[in-house]
Structure formats: C-alpha cells, structure tokens
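The residues making up each chain are set out below.
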Amino acid sequence: MSEIELDARHLLCPLPVIRTQDKIASLESGDTIIVTCTDPGTLNDIPAWCRIHGHEMLEHRTEGRELSFRILVHK
Amino acid sequence: MNEQRKAVSLISGGLDSMLATKVILDQGIHVEGINFFTGFCVEGHTHAIRAKARKKEKRNNALWVAEQLGIKLHIVDVIDEYKDVVFNPKHGYGQNLNPCLDCKVFMVNKAVAWAEMVENDFDFIITGEVIGQRPMSQRKDTMPVIARESGADDRLLRPLCAKNLPPTLPELEGWVDRDQLFDFHGRNRKPQIALAKSFGFEEYSQPAGGCCFLTDKAYSGKLADLWQSRGERSYELDDIMLLKIGRHLRPKPHYKVIVSREEGENHYLQGYQKCYPTIRTISHGGPITLVDGNPTPEDLEFAARITARYSQGRDSDEVTLTITLPGDEEPEEVTVKPIPPSEIPANWHV
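Residue numbers (the working numbering), protein chains in the order written: chain A, 1 to 75; chain B, 1001 to 1350.
One or more of the hints may lead you astray.
List of simulated lysine to any residue pairs, SDA-like, C-alpha gap at most 20 Å [stated by the list, open to error]:
#, chain 1, residue 1, chain 2, residue 2
1, B, 1072, A, 57
2, B, 1244, B, 1347
3, A, 75, A, 1
4, A, 75, A, 31
5, A, 23, A, 34
6, B, 1058, A, 52
7, B, 1072, A, 48
8, B, 1058, A, 19
9, B, 1274, A, 1
10, B, 1274, A, 11
11, B, 1072, A, 25
12, B, 1072, A, 44
13, B, 1072, A, 54
14, B, 1072, A, 47
15, B, 1110, A, 57
16, B, 1072, A, 56
17, B, 1058, A, 10
18, A, 23, A, 36
19, B, 1058, A, 61
20, B, 1110, B, 1091
21, B, 1072, A, 18
22, B, 1083, A, 18
23, B, 1244, A, 38
24, B, 1083, B, 1096
Please keep in mind that the hints were generated in silico from the structure rather than gathered at the bench.
Next up, chain A with everything else stripped away, as it sits in the complex:
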C-alpha cells in the first residue's frame, strides 16, 4: 500500500476531478492519495466523485486558499 500526492492547484473543475480519477485508476485498493486544489468547487466535486465510485474520504483540510483531500482507494 502506498500514499501518493497529486498537485491539482490552479486547475478549475472538473479538471481536478479528472486528474484524481485518472490517478486513482492506476492505484490499488488500500492505497491513499492526497490531492491539493485551489478551486473551491472541489469542495463538493471531489467528495461527490469519491462517494459515487466508492472511495473513502479520510480527511479534508483547508489552509488559506488551498484545499487538500486524503482519499483511501477502494476497488
């Protein structure tokens, strides 16, 4: 099991979702990914995408204009 980071800052939705989706496609069940974004739209969109696809949102943080999501992959 591994943890990787994805920089999706300065991308507007749905690109952060697409980048997350495409990265998770290459991960295994049990891996985690930390996605960092600046688009406030990700606050709804990334958790929604995770719920739809059955991945688990472990943690969400907001620091200034940056949002980060730690996601546990389930396949």
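Dock chain B against the given chain A, drawing on the hints supplied.
Chain B only, in chain A's frame:
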C-alpha cells in the same frame, strides 16, 4: 438467466439526460454515466472564479445527477481531440462558433469507443436528446446522422423520443421495453417537467443557454478575435479559459490586454503571471492585467495606462504600477497618467 445488459449514458448535468438515464435504469439496465470536458463546458469551472459567484453553491451538476441516480460517472478529458471539431466542423457552425452537430457526433463516437473497451463491455449508448429541441443537433433529419457518423448506429437509444424514431437494437432485442419509452418532441419542456415530477425529482439543472460557451455570442467573438490575431485557428486550454475572464481590449492587432474586474478574477489571473507580462497597480487599489501577444515596451506602458484607467486612481494625474515579464524576478515600476475613457474606442473591446 438473462444476461445483465449495460448502457453508457451521456450525462450533461441537465434534466434531459437525467430523465433518459432514469427511464433506462428503471428497466433493470446497468447504467454508467460519461461526461466529456472539452474546455468550453459552462458546467463546472467558471463558477469558481468570480467573487460574486462564490456565494452560490458550487457543484458539478453531472456529478450531482450521477449521485442522485446512484450511478458511476466517468469524466473524460477531450480538450485536445476536441480542437478538430471546433476548427473543422463538417456540418458547420450554428449561430456562433458552436459546432453542435459535429460535437454530438464526436461525443457519441467517444462514448462508443469507451463502451467497447474490453473492460467496459457495454451494450448500448443513451442520450437525453429530444427531436426538435435544438435547432442544429436535435432534429429529425440530424438524429440519424449522429447515429451513423458516430458509429453507434442502432445501438444509440434516445429514451425520451424513441417512439418518434425507428426501433433500435436494445428495443428489437428486448433489452428494453419500447412501450415504456417516450415520444417527446419540440421545445416544450412540460413533458420533461411532468416526468421529473413523476420520478420525484424536485431539483434539477436547466441551463438556458445550453452547456457550451461556444453558443455564446460574446464568447465566440473573443475566440474569433484570438484566431484573427494569430492568423490561424489555434488555441490552448489557457487561451479559452482566459476568454471567460475579465475585460479584453485590443488596442493593436499584435497584442491585447485582459483586465480583471474584481477580486476573484485577480486571484485567478495571478496564476498566469509566469506566462504573460503582468501589470499591477501599487499606488492605488486596482486590477491585475495580463498582456497577450507580442507587445513592445511602449505597448506595455500603454497597457499600464489602460490598467490605471480601471484602478481606483482613474481620476488621478498619476498612477504607479509594476510590469513583470515572464521569468523576471524584479518587476519594472512605471508611473503613468490613466487613459481617459473617451480615448478608449468601443472597437477595442473584444
């Protein structure tokens, strides 16, 4: 035991694709959604930029629809492949630079390719199209064109207007019951609204101008200006994103200025400061300006005067600004007189 049939549904986030998907889900078909990001989608990105829009709830309606329906949604980046649709639409443009018919052919074709991937193994495609609803892509004579040119042929099912069209493979094979499909037509939305009510859908998106910036006259004008200034039809994602932001003024053919209008746009344009000459006011509150093209030093100073005109120092004799070129560590400081509004011809506004 009957084989579980699978369909892929083009989900825009609007009501029609939501209804079409629900109709097929209710017939026991396994449905997954697909949504294509062309770069011109109204859905999603621009709502995050302007400060005044920050008060509204921000969500991607395609994702929201998928969650309401309990289906997976796959969002596919087609930015580069879509350029050929925009540059060379076989069936031409609509009222603006909207290649609606070619776009629908492209998207159904992409859905077919996705559906036929070994691991996906889907049987047919669903869209929320309704005959007569859109002047270019949703007409009785263009619907067969989409089916044929996309390669979907009789595997393309439009549940909301299927009874107005010849039976498709899913109907002929008995995978879906044609009697439970619909015969909607025209621009009247009442049948869709009634069907939504019968499903218990109380909230749904119905974007008045469609889901694509290319149908917007002002946006298409800016894109045409970009092509004209470059002498060719070309764009990158950043180009078409920036067309949605700020005031665009072109004082000369070889450069234009993009002036932010408010705080949200300021933050967004800051993200481009490593790519474009960037002008900021420092003696007064004011916008951020990017300069696109091949400006000379004199052009940049003139762009600073334009920037000053839109600053809080617009009525002052002097406004001090910085000009930062891509790759420069230290910005150049300039003090200029704001250009009077009377000296900005209307035709500079793109």
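Hint check results:
1. Distance check on the hinted pair: residue 1072(B) and residue 57(A) sit about 17 Å apart at the alpha-carbon level, within 20 Å; holds.
2. A C-alpha spacing of about 19 Å is found between residue 1244(B) and residue 1347(B), which places the hinted pair at or below 20 Å, so the restraint holds.
3. A hinted pair counts as satisfied when its Cα atoms are at most 20 Å apart, and residue 75(A) with residue 1(A) qualifies at roughly 13 Å.
4. For the suggested pair residue 75(A) and residue 31(A), the alpha carbons sit about 10 Å apart, so the restraint of at most 20 Å is met.
5. Distance check on the hinted pair: residue 23(A) and residue 34(A) sit about 11 Å apart at the alpha-carbon level, within 20 Å; holds.
6. Under the criterion of a C-alpha separation no larger than 20 Å, the hint pairing residue 1058(B) with residue 52(A) is consistent with the structure, at around 17 Å.
7. Between residue 1072(B) and residue 48(A) the CA atoms are separated by roughly 11 Å; this keeps the pair inside 20 Å, and the hint holds.
8. Restraint check: the Cα-Cα separation between residue 1058(B) and residue 19(A) comes to about 19 Å, which is no more than 20 Å; the hinted pair holds.
9. For the proposed pair residue 1274(B) and residue 1(A), the alpha carbon gap of about 37 Å is over 20 Å, so the pair is violated.
10. Between residue 1274(B) and residue 11(A), the direct Cα distance comes to roughly 15 Å. Compliance with the 20 Å bound is thereby established for this hinted pair.
11. Between residue 1072(B) and residue 25(A) the CA atoms are separated by roughly 14 Å; this keeps the pair inside 20 Å, and the hint holds.
12. Our distance criterion of 20 Å between C-alpha atoms is met by residue 1072(B) and residue 44(A), whose separation comes to about 16 Å.
13. Of the supplied pair hints, the one linking residue 1072(B) and residue 54(A) holds, its CA atoms being roughly 9 Å apart against a limit of 20 Å.
14. The hinted pair formed by residue 1072(B) and residue 47(A) meets the criterion: a straight-line CA distance of about 13 Å does not exceed 20 Å.
15. Under the criterion of a C-alpha separation no larger than 20 Å, the hint pairing residue 1110(B) with residue 57(A) is inconsistent with the structure, at around 30 Å.
16. Between the alpha carbons of residue 1072(B) and residue 56(A) the distance comes to roughly 15 Å, so the proposed pair stays at or under 20 Å and holds.
17. A C-alpha spacing of about 16 Å is found between residue 1058(B) and residue 10(A), which places the hinted pair at or below 20 Å, so the restraint holds.
18. With a C-alpha separation of about 13 Å, the suggested pairing of residue 23(A) with residue 36(A) holds against the 20 Å cut-off.
19. The hinted pair formed by residue 1058(B) and residue 61(A) meets the criterion: a straight-line CA distance of about 18 Å does not exceed 20 Å.
20. The hinted pair formed by residue 1110(B) and residue 1091(B) meets the criterion: a straight-line CA distance of about 18 Å does not exceed 20 Å.
21. Proposed proximity of residue 1072(B) and residue 18(A) is supported: the alpha carbons are some 14 Å apart, at most 20 Å.
22. With a C-alpha separation of about 19 Å, the suggested pairing of residue 1083(B) with residue 18(A) holds against the 20 Å cut-off.
23. A distance of roughly 18 Å separates the Cα atoms of residue 1244(B) and residue 38(A); the hinted pair therefore holds under the 20 Å criterion.
24. For the proposed pair residue 1083(B) and residue 1096(B), the alpha carbon gap of about 16 Å is at most 20 Å, so the pair holds.
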